[in-house]
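Chain order of the listed sequences is A and B. According to this note's numbering, numbering within the first sequence proceeds without interruption in unit steps and concludes at 981. According to this note's numbering, numbering within the second sequence proceeds without interruption in unit steps and concludes at 200.
Hints were generated in silico from the structure; no laboratory data involved. This one's a predicted model, so the numbers in the text were calculated from it and none came from an experiment. Please note that a few of the clues may not be correct.
Said to hold, decoys possible - With a straight-line cut-off of 25 Å between C-alpha atoms, the simulated DSS-like cross-links for lysine-lysine are: (1) A:K663 / A:K575; (2) A:K782 / B:K177; (3) A:K489 / A:K800; (4) A:K974 / B:K177.
To be verified - Short derived list, chain B residues pointing at chain A, Cβ under 8 Å: (5) E44; (6) A54; (7) L88; (8) E136.
Glycine included, every Cβ here is placed at the ideal spot set by N, Cα and C.
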Amino acid sequence: MKKELLLGAEAIALGALDGGISGVYAYPGTPSTEITEYIQKNSHQRKEPVRSAWSANEKTAYEAALGMSYAGKRSLVCMKHVGLNVAADAFINSAITGVNGGLVVAVADDPSMHSSQNEQDSRVYGKFAMLPVLEPASQQELYDATREAFDLSESFRLPVLLRLTTRLAHSRAGVEEREVRPQNRLNAIHAPERFVLMPHNARRQYNHLLGMQNKLEAYSEQSWLNRLIPGTGSTGVLAFGIAFNYVMEVRQAYGMEFPVLKTGCYPMPRKAIEDLFSRCETVLVAEEGYPVCEELLRGYFGGRNIRGRLDGTLSRAGELNTDSVAKALGIAPKKLVPVPEIVANRPPALCKGCGHRDLYEALNTVMSTCSERHVFSDIGCYTLGALPPFNSISTCVDMGASITMAKGAADAGLRPAVAVIGDSTFTHSGMTGLLDAVNDQAPITVIIADNDTTAMTGGQNSSATGSKLHAICRGIGVDEQHIRTIIPLKSRLEENIAILREEIAWDGVSVVLAYRECIEAAARKKRNRKGTP
Amino acid sequence: MQINIILAGVGGQGILSIAAVIDHAALQGGLTVRQAEVHGMSQRGGAVQSHLRISDTEIYSDLIAGGTADLILSVEPLEALRYLPWLAPHGRVVTATEPFVNMAAYPAMDEILAELDRTNRPVLINAAELARQTGNTRVSNMVMLGAASPFIGIASEEIESSIERLFQAKGADIVAMNIRAFRKGEEVSQTQA
């Protein structure tokens, strides 16, 4: 059969489409964005419609996916690892309610933090919620596992977490497509005993979830995602998810013959692991992300025969690669050509002609005259204002934190307290913080850098821009006179400085809407109008 | 047969279109492909790279191990140097010579050329100029692909038919222009190889 060249993220998307989803729900986030984008681009050719527009944030996405499942249909919800923090309330509690139609949550972790603020491991959330977790090792496995995850979800009546990491999400390989399954029919179940999580129901449901754990482990024991590569010698390797690929690369490149247990299912397949440990004197535990399983296997006191991230055999932080795994298996490091000294870093930067540049130029001018120069910022392209030549912002922590941190600092007496947040980040998690500020009459100035798109992740539609943002701020209760609009252009620099100065000086909540379309998005639109990609 | 290629450039320079052509040519020829790329933050004018692996057997890792790349194909000269630790002793560097200067500490061009000269018979291509000669600077990527084609392990005809397939939606003129650029690069590269 013909193979299609797909990113790992796209393999999930195709698996979900072929697996009969009726909807995908997501907020963009690297490295998960391409799952939803693929469905948006390819679902219209399908016989049955698939709902795929972006959600305001990961929590709204997750809850909508749960609602679609409640109504009997299959739904996919996708996010990056930190997005699961936002959706965690819904995620953990959906393990208590269980599902009706299959519900798969695809979470892309970003070890080594290529495009993220931490490298948290979503498998910890899987264990926390006591849900089955699948961690495929290749693009084909992602495709097949996604399809199977929906069946699994329906047979266990639980959400299934599909975990992948950056390298697999953003690497292409040929994927063989299998037959297309029809979507489920509408079949809403009235089951308040499961879905009304008052304590008496929640206790029973929680006990049910506890009772399911043995069944989940039994499923893991027989899953095709696990397999033993037989071998010889006293050292064996227990390789989870993508770690398997690096282990096998080393085994092949150096002609080694150690046994490898490939594992892609959690809870861990106990019998297979016991078997490996009984055959080997030492076992290297290779996992991408946190030493989640290594910690479990070592226990509190034991684990003298275990090697991994916790004893320094592998680095505790960062993603794995063939070279780090080779070193862990006792291969002496190769002598490599060094990077010549003249090669300086080339960090990312705001595009030439980007409106954020003009915004920061104006803001820097205003802040330079203040005795306290703190700008609380947020997550998006404008975060690049932290780098030279701007050095404009003091913080970037999590989605929406600019407004609330500015408010807290203002509460402590800091003047001025300025926040810079993008349009999409504002609708993701900034609106509620602005309501807190209004209710408290906190003297903060919120600059919404509205470029009409979710730019950093590649230009996805934003939930609110332009006049809609104005109406939201008005509705939240910001004084009309203190909702100002500027257009960050060189030619308007003086005017913009004056407006920012006035609002920053004002002792109350003010919002400055800095509106200018992302130049990349504008160029894309122009190309699309011309019909050339 | 196994070929490991590092594609290098600056975010926005379009190394992924080069990768797509090679990927499809390899897949069409029944080979196995793995191609890891960079999305997200560093795309904004930062250093970007793609690991492209082609084999007639199974490929496990999406990433190329240190010292095992057969080819560094770079569309920017400084970026070619950034990935030298991946280059195998027999590996070749094929790079465009036009600098993309969007950083303060960009070194002098003669220093970059001196470092490139230390590699095993580097192929230096004035890609933008050659692209201009074929009609459009926007096809300089295809010039670079042509320049690298002797080292990719896939026949030129197969790469050309991949270019044709990938660009056919844009019309016959665009296909022809890209093929011209590819051939130009190939021709100039052979004089240096």
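Structure-based check of each hint:
no., hint, verdict
1, A:K663 / A:K575, "holds (15 Å)"
2, A:K782 / B:K177, "violated (46 Å)"
3, A:K489 / A:K800, "violated (29 Å)"
4, A:K974 / B:K177, "holds (15 Å)"
5, E44, "holds (5 Å)"
6, A54, "holds (4 Å)"
7, L88, "holds (5 Å)"
8, E136, "violated (23 Å)"
Consistency note: the structure conflicts with the earlier hints numbered 2, 3, 8.
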